[in-house]
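What follows is each chain in one-letter form.
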Amino acid sequence: MALNAKIPEGPLKDKWQNYLAKTRIVNPANRKKLDVIVVGGGLSGGGAAASLAELGYNVKVFFFQDSARRSHSVAAQGGVNAAKNYKNDGDNVYRMFYDTIKGGDFRSREANVYRMAEVSTNLIDQMVAQGVPFGREYGGYLSNRSFGGVLVSRTFYARGQTGQQLLLATYQAMMKQIKVGKLTQYNRHEILDLVIVDGKARGVIARDLITGKIERHSAHAVVFGTGGFGKIFYLSTLAMNSNGSANWRAHKKGAYFANPSWTQIHPTALPQSGEHQSKLTLMSESLRNDGRIWVPKNIDEKRAPGDIPDEDRDYYLERRYPAFGNLVPRDVASRAAKERMDAGYGIGPLKNAVYLDFKTAIERLGEDTIKERYGNLFTMYEKITAINAYKEPMKISPAAHFSMGGLWVDYELQTTIPGLFAVGEANFADHGANRLGANSLLQASVDGNFILPNTISNYLADDIRTGKIPTDTPEFDEAEKSVKDQVAKLLAIKGTMPVDQIHRRLGKIMFKEVAMSRNEKGMIWAIEEIKKLRKEFWENAAIPGNENGPNSELEKAGRLADYLEIAELMAVDALDRKESCGAHFREDYQTPEGEAMRDDENYMYSSAWEWQQGEDWKLHKEPLEFTEVKPTVRSYK
Amino acid sequence: MKLTLKIWRQENAKTKGKLVTYKLSDLSPDTSFLEMLDVLNEQLATKGEPVVEFDHDCREGICGQCSLVINGKAHGPEEHYTTCQTHLRSFNDGDTITIEPFRANSFPVIRDLKVDRSAMDRIIQAGGYISSFTGMAPEANSMPIHHDIAESAFDSAACIGCGACVATCKNSSAALFVSAKIGHLVKLPQGQVERNERVLWMVNAHDDEGFGSCTNIGACAMVCPQEVQLLDITRMNYEYNRAVCLSAD
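Chains as they are written, first to last, in the working numbering: chain A, 2 to 638; chain B, 1093 to 1341.
Derived by calculation from the structure, the hints in this document are not laboratory data.
A hint or two may mislead.
Derived lysine to any residue pairs resembling SDA-like cross-links, with alpha carbons at most 25 Å apart [stated by the list, open to error]:
hint, chain 1, residue 1, chain 2, residue 2
1, A, K214, B, K1098
2, B, K1098, A, N547
3, A, K88, B, N1233
4, A, K254, A, T497
5, A, K469, A, Q487
6, A, K253, A, D301
7, A, K298, A, K352
8, A, K384, B, P1236
9, A, K214, A, E481
10, A, K183, B, N1197
11, A, K384, B, V1131
12, A, K392, B, R1181
13, A, K88, B, P1236
14, A, K34, B, P1236
15, A, K352, B, D1118
16, A, K180, B, N1197
17, B, K1094, A, T497
18, A, K214, B, G1140
19, A, K482, A, K392
20, A, K536, B, Q1284
Some but not every residue of chain B turned toward chain A, in silico, with C-beta under 7 Å [said to hold, decoys possible]:
hint, residue
21, T1123
22, G1140
23, R1203
24, A1229
25, N1233
26, F1246
27, N1263
28, S1264
Far from chain B, some chain A residues (derived; all Cβ distances over 10 Å) [stated by the list, open to error]:
hint, residue
29, P29
30, K214
31, A240
32, G468
33, S483
34, G523
35, E548
36, V573
37, D589
38, Y637
The beta-carbon is built from N, C-alpha and C at its ideal position, and this holds for glycine as well.
Produce the complete structure using the sequences and hints provided.
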C-alpha cells in the first residue's frame, strides 16, 4: 500500500484552516449513533475521550491503571510549550514550528509540526479555564521558562508537576463526561487485540485485569492514546506498566510502524546504582535553566565536588556548545555526557554519571527562588538518593525516555488501518528524530483535544447509517481466540526464568547497541541476541498462577513477548538508516568533531514498516518535503 | 541486609486473609521497598508460586498507584513519602517488616496488597471539575490570578489521590482527599461558578461511598506524600456550611 499523508492544499500557515473548512463533520443528532473506543486515559487518550464525549459521541475509554489520573502523563515535570509570546522575546508560531523541525533534525512532517505550533496557544487557554494552577508572575499573568533547543521562553509550568496538573484537568473533564453518561471507563483493562471487520478497525479484545475475563467491545472507530514503549530498555523513565502491546498487536494487523528505533535518551535522569533497580527517575530538563553540567577535568579526581575549584571543572556543554550551553537539545546533551563517561571522566562509584550543579544559581538568585522553581524536584531527589542538592550537586545520567517513533499516521492521525487513529506519543509524526523538551505534553494534549476530534468526523461521516457493530461475528470470534490462545501458551511455559530477568537482559542489549550510539556490527549482533532471548523466553519463562484473576506476572509476560519482537524491528530500522540524525547516531556517520552527519540526499524520508507474517518487514518510505524551511546542518554551537 | 517480611495474602474481598512470613537476604540499602518486593516475587515465580500482588506504576512518587501499610504506617516509616520512594536504608539489618494493604471499608481488597480505590474516582465525578468544554476557553491571560493564590491552589491540587489519608484515618475518612480538590478549585477564579454545588455534591458522594466522618485528628496530613494541609479540611467545612445556608435561601 502506498503511503498517502493526506496533507491539505495551500501554504503551510493555511493548511489546518483549509482542512477544517472542507472536512466533513457529523450532525450533532447523528453523533449519538456513533461509538468510539479510546485506548489510554492519559493526556492524549483522555483528552480525546473527554472531547469526543463532549461532542456527543458514545465513548468507551480503556486503561490498565486503577484510575486514569495515574496515566504516565502524570510524571512529566517541566512544562508545556506554546507560542504565546507573552515574554515579548520574538516568539511566534513560525519560530516554534522552526525550532521543533530543527530540533527533530529535519525528519518530521512539516505540516503536522506547523499545526502543533498553531494550536499550542489554544491549549494554554483551555488548561487555564479547566483550573490548571500554572506558575504566575506577581502581576498575576502567566510565567514562562526556557527549555532546551530554543532561544525564547515559551514553556508554561506548574512547579515541577506540570504533567500531573494537565492530566488532572483532563481526568476531571473525563469524570464530568462519565457523570453525564457520555463516557464509560474501563479501568484495569488491557487491550490485547484489535478487531478488523471488512478492512476497518471495529473493536478491541480486552482483558479485565481483576477477573481475567476476556471481553469484546465494538465501535465505529478506535483511537490509540497508548503512549511510548521506552520501557523496552527495562531501565527507563517510564512507568513500570507502560507498554507497547496494543500498538504492536495493531501493527500485526496492518498498522505500519514508523521510525521505531528513534528513542529519546534523556540526559538528566538518576544514574543506576544497583542490579535490582527497576526505574531511572527523571529530573526535569527545566533544571538545566539554572543548573550547570560538569565533570572533573582530572580523570582520577578524588575530591568531593564542593572542594573542586572552577578551574578544575569541565563544563563540557558550555565548552562545546557556547551558543546554547547547558540548554542544548536532549540528544546532544546525552551524547556529550556519554562521550565524557566513555573517556573515563564519569563520576560516582560506577563512573556512570555527571554533575548537575546549582551552586552558581543559588549564589545569584538565593535558595528560596530555586526552591520555588524546582522545590519538588529537589525533594524527590533527596527522597531517592538521600542527598541534599542545595548543598552538593546532583548526579545525573542518560536514560531511555520517549519514543519519537510509533504508529504511522497521516495528517488526520489515522493509521494505515482505516478507522484506527493514534494520538500522542503512540504516533510518530511531530518530533522527527529528536523531541524538544515540553513538546510532549503539548503534542499529547493537542492531538487529543483539538486535532483528533476535528479529523475523526471525516471518517465517521460514512458511518451514520451503519448501526451498532455486532460482536457476535467471526472476526470477533477469531480475535478472541487468538488472545486466549496466547494467554494459554504463556501459562503453559512453566519455566524457571523470571520475566523481569529476561526483560533486564533485553534492556541491556538494547541500551548497549540500539540507544545513544549505533553501528552496523553492533546491531547485527543485537538482532541475533534478541532472537536467542525470544527463544529462551518461550522455552523458559516463569509465569506462575492462572488466568482467572489478577496475575501481574502474566501481564508482564504478555508485554515482554511483544517487546522481544519490537526490539528486533528497532534494530532493523536503525540498521537500515545509514546516516546520523537526532537521537539516531551512527558511529559510522559522524563529522570529525563527533557531530551527527545527516544524509538528506538518501534518507530524507520517514521509514514505515509493514509486518509480513513469516517474512522480513517491508519498508515503505514517506518522502519528507520541506516547502518553507531549508534543511540545514543542525548546529547549537 | 537480611529482612523478615510478614505480608498480607488474601485471594479476594470475599475470602479471609492472613499474614505469611518470607525471608530475604543479600539486599542493598539502596534498593527501594518495591524493588525488594520484586526480588521476592522473582523468587516465588522461579518456584512456580503465585506472586504477591501489589499496585505500583510510576515509581517516582507522582502517580499515586502504590499503597501499602508498612509496620502500621501508610507509605512506610518516612514522613510524606510514597511507598515507591521508600528505600531499605530506612530499615535496619535483621528487621521484621509487616506489610498490609490500605484498609478501609470503601477500599475492598482485590488480592493481597491490591485494593479497589474507585470510590475516589466517583467522588471526583460528583463535582470535582470545572465544566469548561474543549474550545470554550477565553485567552489565558484575560484573567490575572495573584501569584500567591495560584501557588496556594497548586498546594491543594498537588494531591496524588493515593488514599493514604483514608488508610491512616481511624474513621476511614477521605476528608483530606475531598478537601484538596475543593481547595484547588475554590481558590481559583475559574472555580467560582460551580462553587456551591461542587462542595455539596462531593461531600455527599464521599458519605455515600461509606467513608467515615472527619474528627480532626490530623493523622492524614502527617502521612500525605504531597503535604496537603489540614486547613483544606477547615475550608471544606466552611464551604459546605456556606453552600447549605445559601441553598436554603
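Now the hints, each set against the structure:
The hinted pair formed by A:K214 and B:K1098 fails the criterion: a straight-line CA distance of about 31 Å is larger than 25 Å. Of the supplied pair hints, the one linking B:K1098 and A:N547 holds, its CA atoms being roughly 24 Å apart against a limit of 25 Å. The hinted pair formed by A:K88 and B:N1233 meets the criterion: a straight-line CA distance of about 12 Å does not exceed 25 Å. Of the supplied pair hints, the one linking A:K254 and A:T497 is violated, its CA atoms being roughly 32 Å apart against a limit of 25 Å.
Between the alpha carbons of A:K469 and A:Q487 the distance comes to roughly 29 Å, so the proposed pair goes past 25 Å and is violated. Pair hint A:K253 plus A:D301 does not hold up; C-alpha atoms about 51 Å apart against a cutoff of 25 Å. For the hint linking A:K298 to A:K352, the alpha-carbon distance of about 14 Å falls within 25 Å, and the restraint holds. Between A:K384 and B:P1236 the CA atoms are separated by roughly 35 Å; this puts the pair beyond 25 Å, and the hint is violated.
For the proposed pair A:K214 and A:E481, the alpha carbon gap of about 11 Å is at most 25 Å, so the pair holds. For the hint linking A:K183 to B:N1197, the alpha-carbon distance of about 29 Å lies beyond 25 Å, and the restraint is violated. A C-alpha spacing of about 21 Å is found between A:K384 and B:V1131, which places the hinted pair at or below 25 Å, so the restraint holds. Distance check on the hinted pair: A:K392 and B:R1181 sit about 21 Å apart at the alpha-carbon level, within 25 Å; holds.
For the proposed pair A:K88 and B:P1236, the alpha carbon gap of about 15 Å is at most 25 Å, so the pair holds. As the CA atoms of A:K34 and B:P1236 are separated by approximately 42 Å, the hinted pair breaks the 25 Å bound. A hinted pair counts as satisfied when its Cα atoms are at most 25 Å apart, and A:K352 with B:D1118 qualifies at roughly 23 Å. Note on A:K180 and B:N1197: the hinted pairing holds, with a Cα-Cα distance of about 23 Å set against a maximum of 25 Å.
Proposed proximity of B:K1094 and A:T497 is supported: the alpha carbons are some 24 Å apart, at most 25 Å. Between the alpha carbons of A:K214 and B:G1140 the distance comes to roughly 22 Å, so the proposed pair stays at or under 25 Å and holds. A distance of roughly 59 Å separates the Cα atoms of A:K482 and A:K392; the hinted pair therefore is violated under the 25 Å criterion. For the proposed pair A:K536 and B:Q1284, the alpha carbon gap of about 60 Å is over 25 Å, so the pair is violated.
At its closest, the beta carbon of B:T1123 sits 5 Å from a beta carbon of chain A; the interface hint therefore holds under the 7 Å criterion. Checking B:G1140 against chain A: minimum C-beta separation of about 5 Å stays under 7 Å; hint holds. The restraint placing B:R1203 at the interface with chain A holds, with a minimum CB-CB distance near 5 Å, inside the 7 Å limit. The interface hint given for B:A1229 holds, since its Cβ lies 4 Å from the closest Cβ of chain A, which is under the 7 Å cut-off.
The interface hint given for B:N1233 is met, as the beta carbon of that residue sits about 5 Å from the closest beta carbon of chain A, less than 7 Å. About 4 Å separates the beta-carbon of B:F1246 from the nearest beta-carbon of chain A, less than 7 Å, and the hint is met. Hint status for B:N1263: violated, given a least beta-carbon distance of 23 Å to chain A, over 7 Å. The interface hint given for B:S1264 is broken, as the beta carbon of that residue sits about 18 Å from the closest beta carbon of chain A, more than 7 Å.
The claim that A:P29 is not at the interface with chain B holds, since no C-beta of that chain comes within 10 Å of its own (minimum 13 Å). The claim that A:K214 lies off the interface holds: its Cβ sits roughly 14 Å from the closest Cβ of chain B, which is beyond the 10 Å cut-off. At roughly 4 Å from the closest C-beta of chain B, the C-beta of A:A240 falls inside 10 Å, breaking its exclusion from the interface. Every CB of chain B lies more than 10 Å from the CB of A:G468, the least distance being 28 Å, so the non-interface label holds.
Distance to chain B confirms A:S483 as a non-interface residue, since its nearest Cβ pair spans about 25 Å, more than 10 Å. For A:G523, the non-interface assignment is confirmed: its Cβ lies about 29 Å from the closest Cβ of chain B, beyond the 10 Å cut-off. Remark: the non-interface label on A:E548 is consistent with the geometry, its nearest Cβ contact in chain B lying 12 Å away (cut-off 10 Å). With a cut of 10 Å on Cβ distances, A:V573 stays outside the contact zone with chain B, its closest approach being about 30 Å.
Look at A:D589: its CB is around 36 Å from the nearest CB on chain B, clear of 10 Å, so calling it non-interface holds up. In this structure A:Y637 is separated from chain B by more than 10 Å, as the shortest Cβ-Cβ distance comes to about 29 Å.
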